[in-house]
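Engineer: Chain residues, written in single-letter form:
There are 4 protein chains.
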Amino acid sequence: MKKIAVLTSGGDAPGMNAAVRAVVRKAIYEGLDVAGVLNGYQGLIEGKIELLQLGSVGDIIQRGGTILRSARSPEFRTLEGRQKAVEQIKLHGIEGLVVIGGDGSFMGALELTLLGIPCVCVPATIDNDINGTEFTIGFDTALNTVIEAIDKIRDTATSHERTFIVEVMGRNAGDLALWAGLAGGAETILIPEEKFDSTDLIKRLKSGTGRGKKHSIIVVAEGVMSANELADILKKEANIETRVSVLGHIQRGGSPSARDRVIASQYGARAVEVLMEGRSGVAVGMRDHLVIDYDLQDVFKGLHELDMSMYTLSKELSI
Amino acid sequence: MKKIAVLTSGGDAPGMNAAVRAVVRKAIYEGLDVAGVLNGYQGLIEGKIELLQLGSVGDIIQRGGTILRSARSPEFRTLEGRQKAVEQIKLHGIEGLVVIGGDGSFMGALELTLLGIPCVCVPATIDNDINGTEFTIGFDTALNTVIEAIDKIRDTATSHERTFIVEVMGRNAGDLALWAGLAGGAETILIPEEKFDSTDLIKRLKSGTGRGKKHSIIVVAEGVMSANELADILKKEANIETRVSVLGHIQRGGSPSARDRVIASQYGARAVEVLMEGRSGVAVGMRDHLVIDYDLQDVFKGLHELDMSMYTLSKELSI
Amino acid sequence: MKKIAVLTSGGDAPGMNAAVRAVVRKAIYEGLDVAGVLNGYQGLIEGKIELLQLGSVGDIIQRGGTILRSARSPEFRTLEGRQKAVEQIKLHGIEGLVVIGGDGSFMGALELTLLGIPCVCVPATIDNDINGTEFTIGFDTALNTVIEAIDKIRDTATSHERTFIVEVMGRNAGDLALWAGLAGGAETILIPEEKFDSTDLIKRLKSGTGRGKKHSIIVVAEGVMSANELADILKKEANIETRVSVLGHIQRGGSPSARDRVIASQYGARAVEVLMEGRSGVAVGMRDHLVIDYDLQDVFKGLHELDMSMYTLSKELSI
Amino acid sequence: MKKIAVLTSGGDAPGMNAAVRAVVRKAIYEGLDVAGVLNGYQGLIEGKIELLQLGSVGDIIQRGGTILRSARSPEFRTLEGRQKAVEQIKLHGIEGLVVIGGDGSFMGALELTLLGIPCVCVPATIDNDINGTEFTIGFDTALNTVIEAIDKIRDTATSHERTFIVEVMGRNAGDLALWAGLAGGAETILIPEEKFDSTDLIKRLKSGTGRGKKHSIIVVAEGVMSANELADILKKEANIETRVSVLGHIQRGGSPSARDRVIASQYGARAVEVLMEGRSGVAVGMRDHLVIDYDLQDVFKGLHELDMSMYTLSKELSI
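Protein chains in written order, with the working numbering: chain P, 52 to 370; chain F, 52 to 370; chain C, 52 to 370; chain X, 52 to 370.
Just chain P, same shape as in the assembly (with noise of 0.2 Å):
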């Protein structure tokens, strides 16, 4: 194996360029040369590759963003769309991908693997929804960023004695929601994964105020419905009055943290590493506090679980 390329797809997450950069310098240590891929799939498509050297990615472990850029691309969706991509892969004499995104990502590696390219995928989403690893980079990041804001809401909330709902990222999976509450201090978490009831959250917030609590912070997740609906819900039915908070795309950016840092770090180079192996159609992640690599099959075979003694847990700490 003589030249690998990387690209990042989908929404992005803080640690893509620490991930971009540990690709790019391991690679570079294992002798390889090394190719980045502008613009994601639409990129490849397009053969904007470039070759990166280790200046390329200096001063970059630091920032949020994709120093190659992320696209939509409906025409990778395509067969002939992909061949394209095929053929500017082999224009270019690369032998293995390194793919940085979310599960979409990876179903789009998954179809270059089947036209022969061997691909590694690198879980890289602040939803934290992809099967078979712990953690993905921007998880953390973002983790952080909700409950600096939560901190700061809760100045506002306490000062006036009011309730208030503060919604964060997750169609599908309450990981944010979650572990943001939880480290938050929130009273109410709200995921997806749990069957909403409005019946038992009024319950539960006026006892709340039975019990002499002035003000109150529910988090939740995009998934389960918007904060808007909420607070609409909570006007109708209970009369309870409440402000909304929508957290957005700030979730999305940031300097990553330190443990985004370093794990973006650990699964590029090992993507690397697997590529080195000859092997193909893998995912790199976390289990059991060990970065380990799987078959990139398994991430479609099942769903994220989250840990629901958090959940649990999360319900006796705001009692």
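Hints in this document: simulated from the structure, not taken from any laboratory.
A couple of the hints might just be wrong.
If chains are identical, the list can't say which one is meant, so a pair holds when it fits in one copy or spans any two.
[As the list claims (entries may be wrong)] Derived pair list, reagent style DSS-like, types lysine-lysine, alpha-carbon separation capped at 30 Å:
no., residue 1, residue 2
1, Lys54, Lys257
2, Lys53, Lys135
3, Lys135, Lys99
4, Lys99, Lys257
Since chain P is already given, all that's left is putting chains F, C and X on it; use the hints.
Structural biologist: Just chains F, C and X now, with coordinates in the frame of chain P:
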């Protein structure tokens, strides 16, 4: 003069605690007793008044929110309510009151002076919209919170080559939008002080795209319109796709910046001095970089003026 | 079991308050009374013991330091002192004690169990040097504090093309230096677990310069030597000019990271469960990503092991 | 005028990049060509001069350090060196130079004006020690960095009931120590502008202890003495135990605060205007809250004056 009191009122602003601390410590330094009124004017009516000690304000200079809490008080808007407040003030032997808050709170103080209570007002609102002072407590912190958010959003904007609309607080005053836009390197800033012109905005955005700009940040003050409304206009009138981020309540919270802690300390101490000089109906503030005090009625005789040279500058620097 | 107590001891670590909160809330949730001991073991001897309520631990999950405070206690090192402590524990009807701290504090707890007091220990130290657990409370926060400092120093290192030596905490354990060095993109990491070899270090630095490196960050754990000593060696042996930064006490403080708040909540709650099960002489911790508890004596049967694969990785990525 | 250049010199300060960006964008807005000089005056001598585009300064407003880098230049201190610089300036067709830095850099610019090169200076130094301007670029950011450090140290000081000495930058000017001490709630502030009196300090500390103060923060500017020297004095003269924290180089780095980005933008743009007006030997700054320009020679005719009312206030508030 033997005893004064202090209260916080209206929306909370970072640095209110630093101001409360300064009032309390300066008063004690000068040999006065000082009481804290809980829950703003409503607490005044209800006699929620406690003597404070040096220790009562220990370890609060760095905290957001207000330890004295704040509340709305429809009752205080009635003469009857205000008379109750006056009774409580007299009952507690309070000879002067420091009111920390925004212009609504200042109006309440003005009413109290008409009933014979010596009042001095300290401007604290993240909107920086008090006539007669260059800076209010909380503005600098909110500004830094907003640019941190913009920095994060820029990571995604750059990575995905997208246009983002960031909505910041400011119903009547564009200070926060203007300063944040300039400091955040926003390509476009929309403030209530300038008439909104969609044609001009669209021309500007398209000209940027023409020059090769691949991403763009628009900062809009809520007083102009909501970010969602703006997104709809851009979509409808020019088919421009944008993403929206409403910063909301995080702008009110957080540990105060150094600058806000300093002016809060200066304003709070000056307020005590003014009361000790036997004056009433006075506002404290900053003009020409100096701490000043001026007639409280002047606050209502005009509007806070925006520095339009900054607006011009922002346009020149975002070519 | 009707009543337990909790204390913090040794150097403070961010997240201690979150652990105290978890102990108190979990205990109350389980129907127990819970007391807080002020000033660690010294306070135990002096009977500084107060019943805590839900409200006693409100609004502290985000605070650095420890509301229970900590103190050194030479008296507790004597049998007489410990017997006084036992008397106080019995006097207050305390049937179990949660000790939050580092290995010195754990040793104290072990002594108390020998005197018949059921004790459970929660690891909290920024050094991450407790045998038997993958993570201690405070490590993740300190790590993020260190990389923020390194990011700042890198600004100057890059601007002036200089080599900086950053000294971080860690007398016996190199965890903080290793993780921070890897996450901070340091070119060189010196840890107590590896023998220091000035010849090798100088060769490495010169080889970097030869490849065109214009600035460089060296992270050194205080257990290896001080940054100033290292600067002297590099100057004397190879005429290499460096700048020195000793991070010092800022590493202990600050609002805990999300991760530290989560594990503090988990460890604190588990400690209460262990006491309720009638067990004593137990340490709580994390292994293979799971919250565990194990024999307190095991803490002293070995040394915390560093993940040397991270050390190798850091060398490969800093070529 | 068709072409100008910009350089950064001396110690780096957060906001230098924002100033470079403003110079470049304002110049291009006005139809000028603008070049960047690398490595300060040394780069000028060596002809390290590159034409800059709008894109050259994209995405740098939020970055610490300086993309133009800085360097010491003993050669520039000789007439011969400066003549080489003048030759390069002429060779590149540069008709005016913007120098961003501290007073040493300003002196260099003054020398260049004597050799016929139109120069305008922009004050950027975290020390805030330039005569004639209320604020220099970088001061506000450094100030916030220092108070964040003090907030962290206070966590430990409170938890362990200790006295801490925090050493901040400032050889001749006490601005950083004074503002940080006031904003950080320090009990004592030692600045070069005030004669150090150990007897008075010890009396003050003991009186605090007498009133029940259990912890205390002393902020000392490096120009008074080092934190370690102070600790020795307190130990020797009064047996007062203290802990020491030397903040060091972290004070120079970091993403600039909103305020620093704003004044950097204003100063940079004004500098271009001054050059376009055909003026030379001018410094830009702020007075009475307004952006001003004034004779560069005035910088050296006096010393920056500290606001001693803040010093008095800090003493009153730390009773």
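Engineer: Using 30 Å as the alpha-carbon threshold, which applies to Lys53 and Lys135: within, between, both, or neither?
Structural biologist: within (22 Å within a copy, 48 Å between copies)
Engineer: With identical chains treated as interchangeable, where does the CA-CA distance between Lys54 and Lys257 reach 30 Å or less: within a copy, between copies, both, or neither?
Structural biologist: Between. Shortest inter-copy distance 29 Å satisfies the 30 Å Cα cut-off; intra-copy 63 Å does not.
Engineer: Check Lys99 against Lys257 for me: Cα-Cα at most 30 Å, and say if that holds within a copy, between copies, both or neither.
Structural biologist: between (58 Å within a copy, 25 Å between copies)
Engineer: Between Lys135 and Lys99, at a C-alpha cutoff of 30 Å, which is it: within one copy, between copies, both, or neither?
Structural biologist: Result: close within a single copy only, 12 Å intra versus 43 Å inter.
Checked against the numbered hints above, the structure breaks none of them.
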